[in-house]
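**Q** Protein sequences, first through last, are from chains R and S. Each residue of the first sequence is one higher than the one before, counting from 2 in this note's numbering. Each residue of the second sequence is one higher than the one before, counting from 2 in this note's numbering.
Simulated from the structure, these hints should not be mistaken for lab results. Possibly wrong hints are sitting among the right ones.
In this list, chains with the same sequence are indistinguishable; a pair is considered to hold if it fits within one copy or across any two.
[Unchecked claim] SDA-like mimics (lysine to any residue), calculated; alpha carbons at most 20 Å apart, straight line:
{"hint": "1", "residue 1": "49", "residue 2": "39"}
{"hint": "2", "residue 1": "83", "residue 2": "93"}
{"hint": "3", "residue 1": "83", "residue 2": "17"}
{"hint": "4", "residue 1": "49", "residue 2": "94"}
{"hint": "5", "residue 1": "83", "residue 2": "35"}
{"hint": "6", "residue 1": "83", "residue 2": "37"}
{"hint": "7", "residue 1": "83", "residue 2": "28"}
{"hint": "8", "residue 1": "83", "residue 2": "18"}
{"hint": "9", "residue 1": "52", "residue 2": "38"}
{"hint": "10", "residue 1": "52", "residue 2": "35"}
{"hint": "11", "residue 1": "49", "residue 2": "25"}
{"hint": "12", "residue 1": "83", "residue 2": "25"}
{"hint": "13", "residue 1": "49", "residue 2": "15"}
{"hint": "14", "residue 1": "52", "residue 2": "86"}
{"hint": "15", "residue 1": "83", "residue 2": "62"}
{"hint": "16", "residue 1": "83", "residue 2": "30"}
{"hint": "17", "residue 1": "49", "residue 2": "95"}
{"hint": "18", "residue 1": "49", "residue 2": "93"}
{"hint": "19", "residue 1": "52", "residue 2": "99"}
{"hint": "20", "residue 1": "83", "residue 2": "44"}
{"hint": "21", "residue 1": "52", "residue 2": "90"}
{"hint": "22", "residue 1": "49", "residue 2": "90"}
{"hint": "23", "residue 1": "49", "residue 2": "87"}
{"hint": "24", "residue 1": "52", "residue 2": "106"}
{"hint": "25", "residue 1": "83", "residue 2": "21"}
Protein chains: 2
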Amino acid sequence: MVDDQLSRVFAALADPTRRGIVARLAAGDATVGELAEPYDVSVQAVSKHIKVLGEAGLVSRTRDAQRRPCHLEAEVFDLMTKWIDRYRRQAQERYERLDAVLAEMQDGVRPTRNPQQGEAS
Amino acid sequence: MVDDQLSRVFAALADPTRRGIVARLAAGDATVGELAEPYDVSVQAVSKHIKVLGEAGLVSRTRDAQRRPCHLEAEVFDLMTKWIDRYRRQAQERYERLDAVLAEMQDGVRPTRNPQQGEAS
Chain R
2 MVDDQLSRVF
12 AALADPTRRG
22 IVARLAAGDA
32 TVGELAEPYD
42 VSVQAVSKHI
52 KVLGEAGLVS
62 RTRDAQRRPC
72 HLEAEVFDLM
82 TKWIDRYRRQ
92 AQERYERLDA
102 VLAEMQDGVR
112 PTRNPQQGEA
122 S
Chain S
2 MVDDQLSRVF
12 AALADPTRRG
22 IVARLAAGDA
32 TVGELAEPYD
42 VSVQAVSKHI
52 KVLGEAGLVS
62 RTRDAQRRPC
72 HLEAEVFDLM
82 TKWIDRYRRQ
92 AQERYERLDA
102 VLAEMQDGVR
112 PTRNPQQGEA
122 S
């Protein structure tokens, strides 16, 4: 279910080390050893993070996990941005409607802009 | 620190009920009671979810928490999309460079493609 993957993706990115790994993989595939280097953590700890990222669909790697490089599946980002954009747009439209109502209220004080009644008549 | 808020925002959205609450608030402010209605959970459980969303900066409400409506702070989404877009773009550019290299390799084998004689010409 998409909903579950979305939960897994958000949860996977709720950790700064895992976000760091994603950032590193955006620049290019890397082995677990290479990924562990900049962090003060063991290869085993990084492997665990990679597993979480893998279960979310964000990172793929072959069976021979210790040697084969990890690869970022960047299209999974679309899942998140689709969700975010939907509600951001909805909230945005609501603010715009509020702005329109406020503008109309201000127009009520000033001369009307209704073309039917025409300012010219 | 931005990094910590990013972790809190991702963690807050890693739960389907909390995402449902955000979706509801995108349509308009709502009280905790109103938010609890569609879910088979107690007002107290929703209050707890609102607290997590609040700590992430996604939802605001006044001191009089039980009665005052919750409000979505949609601009917090920007934090996430900025992070996502940065690494998506980086990965995308890498794929494009790969495509360019592949295209160049193919150009070396096949003759250069001539502009086709289309209907428009």
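**Q** Does each hint fit the structure? Answer for all of them.
**A** Structure-based check of all given hints:
{"no.": "1", "hint": "49 <-> 39", "verdict": "within (16 Å within a copy, 37 Å between copies)"}
{"no.": "2", "hint": "83 <-> 93", "verdict": "both (15 Å within a copy, 17 Å between copies)"}
{"no.": "3", "hint": "83 <-> 17", "verdict": "between (22 Å within a copy, 15 Å between copies)"}
{"no.": "4", "hint": "49 <-> 94", "verdict": "neither (41 Å within a copy, 28 Å between copies)"}
{"no.": "5", "hint": "83 <-> 35", "verdict": "neither (32 Å within a copy, 26 Å between copies)"}
{"no.": "6", "hint": "83 <-> 37", "verdict": "neither (31 Å within a copy, 25 Å between copies)"}
{"no.": "7", "hint": "83 <-> 28", "verdict": "between (23 Å within a copy, 17 Å between copies)"}
{"no.": "8", "hint": "83 <-> 18", "verdict": "between (24 Å within a copy, 18 Å between copies)"}
{"no.": "9", "hint": "52 <-> 38", "verdict": "within (18 Å within a copy, 37 Å between copies)"}
{"no.": "10", "hint": "52 <-> 35", "verdict": "within (16 Å within a copy, 38 Å between copies)"}
{"no.": "11", "hint": "49 <-> 25", "verdict": "within (16 Å within a copy, 35 Å between copies)"}
{"no.": "12", "hint": "83 <-> 25", "verdict": "between (23 Å within a copy, 16 Å between copies)"}
{"no.": "13", "hint": "49 <-> 15", "verdict": "both (15 Å within a copy, 19 Å between copies)"}
{"no.": "14", "hint": "52 <-> 86", "verdict": "neither (28 Å within a copy, 23 Å between copies)"}
{"no.": "15", "hint": "83 <-> 62", "verdict": "neither (25 Å within a copy, 26 Å between copies)"}
{"no.": "16", "hint": "83 <-> 30", "verdict": "neither (25 Å within a copy, 22 Å between copies)"}
{"no.": "17", "hint": "49 <-> 95", "verdict": "neither (42 Å within a copy, 26 Å between copies)"}
{"no.": "18", "hint": "49 <-> 93", "verdict": "neither (39 Å within a copy, 26 Å between copies)"}
{"no.": "19", "hint": "52 <-> 99", "verdict": "neither (46 Å within a copy, 27 Å between copies)"}
{"no.": "20", "hint": "83 <-> 44", "verdict": "neither (33 Å within a copy, 29 Å between copies)"}
{"no.": "21", "hint": "52 <-> 90", "verdict": "neither (33 Å within a copy, 24 Å between copies)"}
{"no.": "22", "hint": "49 <-> 90", "verdict": "neither (36 Å within a copy, 26 Å between copies)"}
{"no.": "23", "hint": "49 <-> 87", "verdict": "neither (32 Å within a copy, 24 Å between copies)"}
{"no.": "24", "hint": "52 <-> 106", "verdict": "neither (56 Å within a copy, 35 Å between copies)"}
{"no.": "25", "hint": "83 <-> 21", "verdict": "between (23 Å within a copy, 15 Å between copies)"}
Hints 4, 5, 6, 14, 15, 16, 17, 18, 19, 20, 21, 22, 23 and 24 from the earlier list are contradicted by this structure; the remaining hints agree with it.
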